[in-house]
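First to last, the protein sequences are chains X and G.
The first sequence begins at 6 in my numbering and counts up by one.
The second sequence begins at 6 in my numbering and counts up by one.
Treat the hints as calculated values from the structure; they're not laboratory data.
Please note that a few of the clues may not be correct.
Identical copies go unnamed one by one, so any copy, or any two together, can satisfy a pair.
Claimed, not checked - With a straight-line Cα cutoff of 27 Å, these simulated BS3-like cross-link-like pairs (lysine-lysine) come out:
#: 1; residue 1: Lys255; residue 2: Lys176
#: 2; residue 1: Lys26; residue 2: Lys255
#: 3; residue 1: Lys255; residue 2: Lys193
#: 4; residue 1: Lys41; residue 2: Lys193
#: 5; residue 1: Lys193; residue 2: Lys60
#: 6; residue 1: Lys157; residue 2: Lys178
#: 7; residue 1: Lys157; residue 2: Lys41
#: 8; residue 1: Lys41; residue 2: Lys60
#: 9; residue 1: Lys178; residue 2: Lys255
#: 10; residue 1: Lys60; residue 2: Lys26
#: 11; residue 1: Lys157; residue 2: Lys60
#: 12; residue 1: Lys176; residue 2: Lys196
#: 13; residue 1: Lys196; residue 2: Lys60
#: 14; residue 1: Lys196; residue 2: Lys157
2 protein chains.
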Amino acid sequence: MNILLTNDDGIHAEGLWAVQKALSAEHEVCVVAPDKERSAVGHSITLMHPLIINKVHTNGGWGYAVSGTPADCVKLAVREILDTRPDMVVSGINPGPNVGINIHYSGTVSAAKEAALMGLKAIAVSQGPGENRGFEHTAAFVSSLIRRIMDKGLPAATFLNVNVPACAPEKIKGVRITRQAIAPLREKFHKRIDPRNRTYYWQGMDTQVLDEAPDTDGTALGGNCISITPIRCDMTDYDAMEQLESWNLKM
Amino acid sequence: MNILLTNDDGIHAEGLWAVQKALSAEHEVCVVAPDKERSAVGHSITLMHPLIINKVHTNGGWGYAVSGTPADCVKLAVREILDTRPDMVVSGINPGPNVGINIHYSGTVSAAKEAALMGLKAIAVSQGPGENRGFEHTAAFVSSLIRRIMDKGLPAATFLNVNVPACAPEKIKGVRITRQAIAPLREKFHKRIDPRNRTYYWQGMDTQVLDEAPDTDGTALGGNCISITPIRCDMTDYDAMEQLESWNLKM
Numbered sequence: 006m007n008i009l010l011t012n013d014d015g016i017h018a019e020g021l022w023a024v025q026k027a028l029s030a031e032h033e034v035c036v037v038a039p040d041k042e043r044s045a046v047g048h049s050i051t052l053m054h055p056l057i058i059n060k061v062h063t064n065g066g067w068g069y070a071v072s073g074t075p076a077d078c079v080k081l082a083v084r085e086i087l088d089t090r091p092d093m094v095v096s097g098i099n100p101g102p103n104v105g106i107n108i109h110y111s112g113t114v115s116a117a118k119e120a121a122l123m124g125l126k127a128i129a130v131s132q133g134p135g136e137n138r139g140f141e142h143t144a145a146f147v148s149s150l151i152r153r154i155m156d157k158g159l160p161a162a163t164f165l166n167v168n169v170p171a172c173a174p175e176k177i178k179g180v181r182i183t184r185q186a187i188a189p190l191r192e193k194f195h196k197r198i199d200p201r202n203r204t205y206y207w208q209g210m211d212t213q214v215l216d217e218a219p220d221t222d223g224t225a226l227g228g229n230c231i232s233i234t235p236i237r238c239d240m241t242d243y244d245a246m247e248q249l250e251s252w253n254l255k256m
Numbered sequence: 006m007n008i009l010l011t012n013d014d015g016i017h018a019e020g021l022w023a024v025q026k027a028l029s030a031e032h033e034v035c036v037v038a039p040d041k042e043r044s045a046v047g048h049s050i051t052l053m054h055p056l057i058i059n060k061v062h063t064n065g066g067w068g069y070a071v072s073g074t075p076a077d078c079v080k081l082a083v084r085e086i087l088d089t090r091p092d093m094v095v096s097g098i099n100p101g102p103n104v105g106i107n108i109h110y111s112g113t114v115s116a117a118k119e120a121a122l123m124g125l126k127a128i129a130v131s132q133g134p135g136e137n138r139g140f141e142h143t144a145a146f147v148s149s150l151i152r153r154i155m156d157k158g159l160p161a162a163t164f165l166n167v168n169v170p171a172c173a174p175e176k177i178k179g180v181r182i183t184r185q186a187i188a189p190l191r192e193k194f195h196k197r198i199d200p201r202n203r204t205y206y207w208q209g210m211d212t213q214v215l216d217e218a219p220d221t222d223g224t225a226l227g228g229n230c231i232s233i234t235p236i237r238c239d240m241t242d243y244d245a246m247e248q249l250e251s252w253n254l255k256m
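Next comes chain X alone, as it looks inside the complex (with noise of 0.2 Å):
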């Protein structure tokens, strides 16, 4: 397969030389990935500047570092760096989970959503929470499941954001497929005084997931189970269509 390998972290991270490794005995991988970290940048591109690509040897092998988000990557990747359009997406591993509504404030998923508005196939995939005990396992996983999802599809404008416990591997207790769980996150702004006597807020984000329901992104990874949800990229609520159009709205 030719894979095409992206993060948010940019592309010194870890996470993403991890499945490089692992994913390169057996395909053509090409990395393009952001010149430096860009967490929680959502599925932002940059239509205000230029982007600039630079060739990066790092970490044992090189990739396309590009000066701009997770989706720029992806988009400059499949109309200007590659040959030909890749079979799959791979975006992570990222440190740390991204399940729940994190999942919109995530480049590593938006990279993913970016590749399936492409029509292409595509998974976000981090890995937490708890300490980092390093990635093999993961990429390990990754490896195996982008042969299933080359054998058995996915659906169109559909990809899968797969977390992964941090858990030593012998811990994980199996693959769940959930649900997003859309409950509000416990966020706070810190606000202070700066040097100069000016206020200024600084935002916290509490990744707790408070949806405790059993069939959740969070609480699959909670329970030191492999979760996967499939994200579509259409978000019409269908159901709620009916119900507005009973409202007979006139301009």
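Position chain G against the provided structure of chain X, taking the given hints into account.
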């Protein structure tokens, strides 16, 4: 009602103040908007830098200008600026439509999504395509729509993405409840050489909607109808879950 008004074009944008004027006659309106244009930032939030809030007098009114993204503005307004939770969050009026897959990139839409994630009723409002003839007719429609929403309610974690044609109001043919088109854009990068002889890429964005099915947002707008799409914050592809279960994945 207490209404929070934001946008992605920044606090000085004409479309924002058209809504502010239309709604202020009946409601308490608080403006919290980015201090400059933040188009195509998607659901980006600011974690790496502090945020500054400044009171700004502009367009015959005043509001809070935030050094962050549209989603930051909604979070900061609800958590820190407003004394009470707003009854409604309005994002816009964006000059130019937000339909099809463009809504993944849109700061206007993501501000409303952030509000819905926080459990608030919300709408994103855009106007176009075509020549900008002022925003009064769109602002008037917003005014009647939010009354209807307060009366009828919205499903939890669902908001409305509203697009109004830019044509003269008497040419608008009605209101259509639509689905989000997910056809790819015809987009490309301009490859150029900079003054120091380096290659750079600049992203063009073709907003043409290629999915011409009669029930999509872009088709309705193209037919001079107001398009209203209910958008769900839960991105799970429930249909795909069953299919994935049958894969019987293991670690």
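Hint by hint, here is what the structure shows:
no. : hint               : result
1   : Lys255 with Lys176 : between (58 Å within a copy, 13 Å between copies)
2   : Lys26 with Lys255  : between (58 Å within a copy, 21 Å between copies)
3   : Lys255 with Lys193 : neither (40 Å within a copy, 38 Å between copies)
4   : Lys41 with Lys193  : both (26 Å within a copy, 24 Å between copies)
5   : Lys193 with Lys60  : between (39 Å within a copy, 21 Å between copies)
6   : Lys157 with Lys178 : within (24 Å within a copy, 45 Å between copies)
7   : Lys157 with Lys41  : neither (35 Å within a copy, 46 Å between copies)
8   : Lys41 with Lys60   : within (14 Å within a copy, 33 Å between copies)
9   : Lys178 with Lys255 : between (54 Å within a copy, 9 Å between copies)
10  : Lys60 with Lys26   : within (18 Å within a copy, 52 Å between copies)
11  : Lys157 with Lys60  : neither (34 Å within a copy, 55 Å between copies)
12  : Lys176 with Lys196 : neither (40 Å within a copy, 50 Å between copies)
13  : Lys196 with Lys60  : between (41 Å within a copy, 17 Å between copies)
14  : Lys196 with Lys157 : neither (50 Å within a copy, 37 Å between copies)
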